[in-house]
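> So you can see what is in the structure, the chains are spelled out below.
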Amino acid sequence: MIEAVSVKQKEGSEGIIKTVKFKILRYDGNTMKKPRIDSFDVPIKKGTTVLDGLHYVKENLDSTLAWRYSCRMAVCGSCGMFVNSFPKLACNTQVMELEADVINLKPLPNFDIIKDLVPDLSVLFEKHRTVRPYTLRQDLGEMENPTGEFFQSIEELERYLQFTYCIKCGLCMAACPTVATDRRYLGPQSLTQAYRYSADSRDEGYADRKDIVLSPHGAFRCHFAGACSEACPKGVDPALGIQLLKRKAFAGSLGLLRSKKATRVAPQVTDAKRLQGVPDAPKRTI
Amino acid sequence: MKTRESTFWTWHLLAGGIILVVLGIHMAIMHLSKMLGTGGETHEVVQWTLVRMRSIDFAFAFMYVVLLGAALYHGLYGLRTIILELTLPERAEKFVSAVIVLLGFALFILGSYSTIAFYAMNGPMR
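These protein sequence lines are chains A and B, in that order.
With the first letter of the first sequence counted as 1, position 209 gets the number 209 in this note's numbering; the numbers rise by one all the way through.
Converting from the second sequence to this note's numbering requires adding 1000 to each position, the first position being numbered 1.
Same shape as in the complex, but just chain A:
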């Protein structure tokens, strides 16, 4: 373990409230056999996030520190990491809310490490791809050459809306105890997305997805620990998605699942009158 690299900051000046020790796991598969922990003293102001703290370390204390980030506002899902033993987005976690003088930062568990705090999320995306997370329909002609928008009521939208908020940050996968033991388990992220599309009134793909989703390493391996839902920064509630998927499977096994016909193309409005002063819509770009 490397001793703290300290940059003395006067607490109370420039709005600095206190100094917090960041203990960060460092690892580079190319040069290191084992990970180590480095400590850094980081001055904290009101509203300083863990991501801000990492920027401070990189700019002032150790430029070799690696982590992944992009949007800084919990939209891109890049900066997921283990913050004091809980999977969180670094950009969405203020240091003061942690109520700790020492913050332990590690890469997300259940993933391989690329470098330092950068997890290899390729497994997540591979699993996500296997559940075919896109609209599947029988009318291929309409899919290839759309003539309009598919109809969907507000009620139909609300059946799956919360599951569309997934940003693929991988926090649910990192929190899941089953993913930790079963490498082939699809995990909360992809299972929830499988439900999200299967519950969509415009989709007819459940029959195509069920073979992977209801496989020996699919939805039935979920123990309903609920850790995924607790970790999700967007309120997606993947545990609910998996339970709804299981309910669908249960109904299917008992032959109670009604055959689903996808909604049709909504009729185009032809007799509408434009209000005065309303400009034309921009031309389609694709």
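Rather than coming from a laboratory, the hints here were simulated on the basis of the structure.
Accuracy of the hints is not assured; some may be wrong.
As the list claims (entries may be wrong) - Cross-link-like lysine-lysine pairs, in silico, BS3-like; alpha carbons within 25 Å at most:
| id | chain 1 | residue 1 | chain 2 | residue 2 |
| --- | --- | --- | --- | --- |
| 1 | A | 33 | A | 58 |
| 2 | B | 1002 | A | 261 |
| 3 | A | 260 | B | 1002 |
| 4 | A | 45 | A | 23 |
Based on the hints, put chain B in the right spot on chain A.
Okay, now just chain B, sitting in the frame of chain A:
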């Protein structure tokens, strides 16, 4: 709209429901009869005469065979789930499933044979 795994899981749920009912009856008669007044075992030690009386009653014999089947399926499915979570190679998973199925059948045949044989030897048919 079902897969083999979803069928197994559905049976697992149904077996759970059966256990809840049948084990409830068993508990009410065997262990909680004094408290509930259900007219079964009233002594701390199980009485052989009452065991014999129940075993030659068709309804009880049938109930115990059903309980045995449901409990074995429910428990062994759970055991298989735990083992499958160890990320074994696919062939090993098939082997484990086969061993568990054989074990389940063997235990079910042994247990139900005991129940049916006692009923046949001492029951009303004799």
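> Are the hints correct? Go through all of them and say.
Now the hints, each set against the structure:
no.: 1; hint: A:33 <-> A:58; in the structure: holds, 23 Å
no.: 2; hint: B:1002 <-> A:261; in the structure: holds, 18 Å
no.: 3; hint: A:260 <-> B:1002; in the structure: holds, 15 Å
no.: 4; hint: A:45 <-> A:23; in the structure: holds, 18 Å
Figure legend: structure checked against the earlier numbered hints; every hint is met.
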